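Novice: Working from the sequences, and respecting the hints, build out all of it.
2 protein chains.
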Amino acid sequence: MTKIMYGTELANKMRSDLKNEVEDLAKKNIQPGLAVIIVGDDYASKTYVRIKRNAAEKIGIYSKIVEFTDDLQEETLIKKINEFNEDESIHGILVQLPLPPQIDERKILETIKPEKDVDGFHPINVGRLSNNQPGFIPCTPLGIEKMLTYYGVEVAGKHAVIVGRSNIVGKPIGQILLNKDATVTFCHSKTKNLKEITKQADLLIVAVGQAHTITEDMIKKGAVIVDVGNTYLESGKVVGDVAFEEVKEKADFITPVPKGVGPMTITMLLYNTVLSAKTQISQD
Amino acid sequence: MTKIMYGTELANKMRSDLKNEVEDLAKKNIQPGLAVIIVGDDYASKTYVRIKRNAAEKIGIYSKIVEFTDDLQEETLIKKINEFNEDESIHGILVQLPLPPQIDERKILETIKPEKDVDGFHPINVGRLSNNQPGFIPCTPLGIEKMLTYYGVEVAGKHAVIVGRSNIVGKPIGQILLNKDATVTFCHSKTKNLKEITKQADLLIVAVGQAHTITEDMIKKGAVIVDVGNTYLESGKVVGDVAFEEVKEKADFITPVPKGVGPMTITMLLYNTVLSAKTQISQD
Chain G
969 MTKIMYGTEL ANKMRSDLKN EVEDLAKKNI QPGLAVIIVG DDYASKTYVR
1019 IKRNAAEKIG IYSKIVEFTD DLQEETLIKK INEFNEDESI HGILVQLPLP
1069 PQIDERKILE TIKPEKDVDG FHPINVGRLS NNQPGFIPCT PLGIEKMLTY
1119 YGVEVAGKHA VIVGRSNIVG KPIGQILLNK DATVTFCHSK TKNLKEITKQ
1169 ADLLIVAVGQ AHTITEDMIK KGAVIVDVGN TYLESGKVVG DVAFEEVKEK
1219 ADFITPVPKG VGPMTITMLL YNTVLSAKTQ ISQD
Chain A
969 MTKIMYGTEL ANKMRSDLKN EVEDLAKKNI QPGLAVIIVG DDYASKTYVR
1019 IKRNAAEKIG IYSKIVEFTD DLQEETLIKK INEFNEDESI HGILVQLPLP
1069 PQIDERKILE TIKPEKDVDG FHPINVGRLS NNQPGFIPCT PLGIEKMLTY
1119 YGVEVAGKHA VIVGRSNIVG KPIGQILLNK DATVTFCHSK TKNLKEITKQ
1169 ADLLIVAVGQ AHTITEDMIK KGAVIVDVGN TYLESGKVVG DVAFEEVKEK
1219 ADFITPVPKG VGPMTITMLL YNTVLSAKTQ ISQD
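Protein sequences, first through last, are from chains G and A. Our numbering numbers the first residue of the first sequence as 969 and each following residue consecutively. Our numbering numbers the first residue of the second sequence as 969 and each following residue consecutively.
It is worth saying that the hints were derived from the structure and are not from the lab. There are no misleading hints in this set.
If several chains are the same, the list does not tell them apart, and a pair holds so long as it fits within one copy or across any two.
Once the Cα atoms are required to be at most 20 Å apart in a straight line, the calculated SDA-like pairs of lysine to any residue come out as: (1) K1148 to V1176; (2) K1081 to N1135; (3) K1167 to G1125; (4) K1188 to I972; (5) K1189 to E1164; (6) K1189 to N1161; (7) K1189 to K1218; (8) K1148 to I1136; (9) K1081 to Q1101; (10) K1026 to E991; (11) K1075 to P1102; (12) K971 to K1114; (13) K1075 to Q1251; (14) K1188 to Q1168; (15) K1160 to G1125; (16) K1075 to S1250; (17) K1167 to E1122; (18) K1246 to G1028; (19) K1216 to P1226; (20) K1148 to N1135; (21) K1158 to E1113; (22) K1158 to E1122; (23) K1188 to N1161; (24) K1075 to Q1248; (25) K1158 to Q1168; (26) K1160 to K1188.
Here the structure is a predicted model, which is why all the values come from computation and not from measurement.
Specialist: What follows is the structure, encoded as structure tokens:
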């Protein structure tokens, strides 16, 4: 029978464990602190930031939100990041993307101190993941890794196919799986005969942001399917990149949308923030 | 007819172009400088370093070799790297690997200033390549990219299969090809059914260091084959990872060993060093 992998289940468990860790840290007079910077009025970004703050506070992480208008000068943003870099009460810094066009996203991400880069977007952390060295790993791929482990999905020796090559999901999840001894194929918009490749996947990760990209005829019987998609239909319904109802009959494991990968992403932000606080203690 | 891709041909052309660039720089009173640090008495390492120095001097790059004995303390090496980081006459720094066990390779590579990291091994440069941002790219994969371009091999939309996932060759060449819109599969020692995957490759890059890993039955007719292997047989003959004689009949393009990828690697070290000198001028 097909096993549905609910991210909610593991997210709840991990948040409860993290809450305990935060309580232990409190005994040492440490409270993990997360700084979130948001530029402009984008509705989705504001919603994400609110959800992140609430989730952080719920487990006892101190959070500081800084909001800028979208006419912000780059230097002002850099100055603010540098303040947080030096601030000992802040263990994680994230800048909500996208940024307005006058601001160089690359420069901003490189300004964040790698030791506080809980989003894992600083190129030095990207490089460390590629080199299989310790460092911060982006939240969504880290969440997928935790889910696969939780549900007992073996990765070594499997053929993992990643559809979508973003810096935020596709590339880092591929690196994680390669480090765990999977054979890894990266597919994307320029891939010819996508179906021929996805049909070979023992483990298929789909992160393209387009509803119904993967249908039943595109998967192998018994495959493990992870759906990172998140598309809002006009009806208000949220769907993934995978045609869940038809694919689930053929797969051995599959994540639903919603309640699949989504809840893990924010949990991993909390995880990285607590990890950062613990790492900083061990270095004192 | 099968086209043999000789790295020697392009390497000679590029070294001649680089010599002209170095002469142009001389008019601006700039001489590109390359510092090479070698620790211990490894015969192969010493040979590589000598070849690098000779190649550099031949095109007018100033080179400085520092030799340490293998009982070297890590701090001494770090101090020397920091001297070169500050030295304005040095545009490229490389530490010949491997290092003796008392020295933390990762720490050493992260000590080299990213702007002088002509080997492209600093994780920040690894991350920039993954993010498709400008930065230094390791010499062997960069040389492969230049050869494919030179021989008119189209990459976009092709299925590129990489056999071997080292940080020095396999992973970065995969990133380069992914950035150039290939579908990319990474295979390695834990890959099951290697042949099934290599047979799908439009472009097959082999970097495992084991003679005859790829035989005629493992490739698709008309494929492009790049052989990064370099194994010395007891007879003294050097062979690649690909069974050249049988595979070449079936491939459209193939690199020989020797005279294939090898000569490009050192050429790319010169290329990165000249690039570094030019970049530093443009920032003055």
